[in-house]
Amino acid sequence: MSSHESSYVPGSAVEKWLDDRLPIIRWGKTHMMDFPTPKNLNYWWTFGAILAFMLVVQIITGIILAMHYTPQVDLAFNSVEHIRRDVNGGRIIQATHAVGASMFFAAVYIHMFRGLFFGSYKQPREVLWILGVLIFVLMVTTAFMGYVLPWGQMSYWAATVITEIVGAVPVVGNPILQLLRGGFGVDNATLNRFFSLHYLLPFVIAAVVALHIWALHVPGNNNPVGVEVKSSRDTVPFHPYYTLKDLFAIVVFCIPFAWFVFFLPDILGHADNYIMANSQVTPAHIVPEWYFLPFYAILRAIDFGILFLDSKLLGVLFFAGSIVVLFFVPWLDTSKVRSGSFRPIFKWFYGLFVVNFIMLAYLGASAADGVVLGISVADFSKICTAYYFAYFLVVLPLLGRFERTKPLPTSISEPVLAPAAAE
Amino acid sequence: MKMSKIILGALAMSALLGASPSFAAEAVAVKREPWTFAGIFGTYDRNQLQRGFQVFREVCASCHGANLMAFRNLAEPGGPEFSEAQVKALAAEYEIVDPAAEGGKRPGILADRWPGTGQSEADQVAAFGIVPPDFSVLAKARGTPQSFPWFILNYFPGTAYAEGGPDYIHALLTGYEEEVPADIKNADGTPFTLPEGKYFNEYFPGHAIGMPSPMTDGQVVYAAAEDGSTVPQTVDQYSRDVSAFMMWMAEPHLVARKQAGLQVMLFLVLFAGLLYAVKRRVWSKIEH
Amino acid sequence: MATQSNHEHEDVPNPGRRDFLFIATGAVGAVGVAGVAWPLINQLNPDASVLALASIEVDLASVQEGQSIKVMWRGSPLFIRYRTQKEIDEAKAVPLADLKDPETDEQRTKPGHEQWLIMKAACTHLGCIPVGESGEYNGWACPCHGSQFDTAGRIRKGPAPKNLVLPPYEFLSDTKVKIG
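Protein chains in written order, with the working numbering: chain W, 111 to 533; chain Y, 73 to 360; chain F, 12 to 191.
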């Protein structure tokens, strides 16, 4: 897969025998131990390993929860409480899975923002980036379905509101809506299929993650200076250097994770989800999980129609567009320079983009008729939505043409040996 | 590096913006009570839970159910910790519907869930207009609004706050007024008028609550605790005790969870420190 | 060992070196793995609501002599029989040599409460529920494959290899028995 030759020498006759038939140990040594990795990766790069760890945590805890959970509208809520109350260690396992979803998204956002800053999506890593966006879409879908399973008030109304999005599509919207729900509203059939798919999708994610790592191992890692590896002086073998660094980062990441699991297991959720789903009472203020808030704010920001598009359909188009645009980032960014560290103007637009994203999250959590910093939530959301799209569709294409970038080091080792040249 | 600053800020803020749970427009912020179960070393006060159970049983349980609590829970460690014999005797006082039993009913045993109010939901709707909410997890289904930006502190060690539910219940039970206070206005500035059959409560969203003030001073007679200590028999104390009891009912493993958490945190910090040293040792010869 | 190493760093810190720091870190890591693994396995064990029903108390006051009741225990039925004096005498009269699975009547009951026979209602052959007061020995007979049990629930004839199984139980009083 890469130019790197395997250094594996079978140590015994049995290993030799196996190696001739299924070179799995050779493969593991090449890709998980010897793989040449740029030696200047900083801690933002450990989030890839952290995400792999989180996927495993979610799959293991999820399989356990499924052993005790009942996907039936009358029993689901109480079966989750049964896990919390009666199953051995159930309170912790359930909290790990629920908090784990939040930690997973926190890590994936950092991972994505790292890629956006250091230009990790640029040639020759476009496929790597696209697979990553695909994983993100799968994660969003999986997390949304998982949130429905406890069958609390927020579960039910989130399922209702979000599936309703499909109903905005002209002509085929309603038939598809019924197809998704398996009924005329969210009900037992919906809960059952969400459970089934929530169990299935993590394994699909795992498969796409395998492709993601494959696509990473063809060109090799990007790195903070964004200059490709020139010689073996620029790299170290993945093991033990990055296995240890990643393991250290994972354990540090577990500290806030454990803090929430053991001391604040419910603070990342919504109190209304401790009330069993009731199709006749809508909660006063429907809020999605925090990790969906920026996209929810974009959906809600569009309260106007354009030409033949009504506001609902247009909102859905913006909502979908906000993720679809990510697929095209490798071609929207025209800059020849990868790393944001060498792009003085880009840094400002990037910083504003991060702040803007957080602002969208805050707006998504605010009441629709509220006021933030003296501006109505509705108007503020429109401004932030506009910048979100402008960043990808205007700033990235134009900046690459007009920006004067700082001189790049000739190799990874150069700034390492002469730190003054870096920044 | 700029990336670091940007992302750190982003991480902090997104974690904080997080739930920002109870934004409910009309809800009123309540006073924080000094609960024994708050904080990383928090544990339930056994005497308080026993008193709270008494209030629940003598006052609340005639209208509110608690269908997730089993009698055995009342004897489990980390809860009110009644003796098993006490709970057995208590359970036997209740009749449990059991189709397998002769006559369809039998005396309760430890394994049974709390039997409920004895009224059907239809009867309750006829009497109250609604089914009074079940108490099992109610303490976690309620909260109190937090003003921006201070709710951020709720997420951090030392200032963590997860007791909004019991604070709200305590405030609600002590927030009844005979007359509507003059300073309460409708959204359009007109004086607030109480709908027929409702009661004024300062902390209930919208102020008009269907439940009359359920307790009066001296209504529940507390026996002295085992160590001879006594508490005032006031509505404020009853409210505090029953709120604590409801928190336990909603989160019966809180004490065990926090104790396990301390061990886990200690382990993680130690392990992270060791790994950092190992990582430094391994990287020490690499120029980077 | 490396034939084609292109890493000039490989001569530097030897990751296999066993000094104290590495051993300590490995040991702490192992403790961590065990600490995580145990709750993940332990959750498979019966939960608190199941364990709460692991032992039951049965009131025998309403059972008449010569009458049997069936109660559910740990998800399966049990026979509780108030034996007549005739049945007890019959059981005691059987010589041990006649038995496939030799047990005295005393071993099958509790002293002072010989009239009560408490057994799992599952044939030791393949688990069918035997029928009471029937068969050649006036005890239990299994409808599935014809095993016959006497008035102490001992196997006398047919394919079953063992006597009907006794659950652990104790008498709390003359009319109250705790099973499990």
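Heads up, some of the hints might be wrong.
[Stated by the list, open to error] Mimicking EDC-like on lysine to aspartate or glutamate, the simulated pairs with C-alpha atoms at most 16 Å apart in a straight line are: (1) Y:160 x F:112; (2) Y:270 x Y:289; (3) F:121 x F:58; (4) F:81 x Y:174; (5) F:81 x F:147; (6) W:446 x W:513; (7) Y:177 x F:112; (8) Y:270 x Y:298; (9) F:168 x F:125; (10) F:173 x F:114; (11) F:103 x F:68; (12) Y:160 x F:70.
It should be emphasised that the hints constitute simulated quantities derived from the structure, not laboratory data.
Quantities reported herein were computed from a predicted structural model and do not represent experimental measurements.
Each hint, compared with the structure:
Restraint check: the Cα-Cα separation between residue 160 (chain Y) and residue 112 (chain F) comes to about 40 Å, which exceeds 16 Å; the hinted pair is violated. At most 16 Å may separate the alpha-carbon atoms for a hinted pair to count; residue 270 (chain Y) and residue 289 (chain Y) exceed this at roughly 22 Å. At most 16 Å may separate the alpha-carbon atoms for a hinted pair to count; residue 121 (chain F) and residue 58 (chain F) exceed this at roughly 31 Å. Between residue 81 (chain F) and residue 174 (chain Y) the alpha-carbon distance is near 12 Å, which keeps this suggested pair within the 16 Å criterion.
Under the criterion of a C-alpha separation no larger than 16 Å, the hint pairing residue 81 (chain F) with residue 147 (chain F) is inconsistent with the structure, at around 22 Å. Distance hint between residue 446 (chain W) and residue 513 (chain W) is fulfilled; the C-alpha atoms sit about 10 Å from each other, no more than 16 Å. Restraint check for residue 177 (chain Y) and residue 112 (chain F): the C-alpha separation of about 41 Å exceeds 16 Å, so the hint is violated. A threshold of 16 Å between alpha carbons decides the hint, and for residue 270 (chain Y) with residue 298 (chain Y) the separation of about 41 Å lies outside it, so the pair is violated.
Restraint check: the Cα-Cα separation between residue 168 (chain F) and residue 125 (chain F) comes to about 24 Å, which exceeds 16 Å; the hinted pair is violated. With a C-alpha separation of about 10 Å, the suggested pairing of residue 173 (chain F) with residue 114 (chain F) holds against the 16 Å cut-off. For the given pair, residue 103 (chain F) sits about 28 Å from residue 68 (chain F) by alpha-carbon distance, which is inconsistent with the 16 Å threshold. In summary, the hint linking residue 160 (chain Y) to residue 70 (chain F) is supported, as the alpha carbons are separated by about 15 Å, within the 16 Å threshold.
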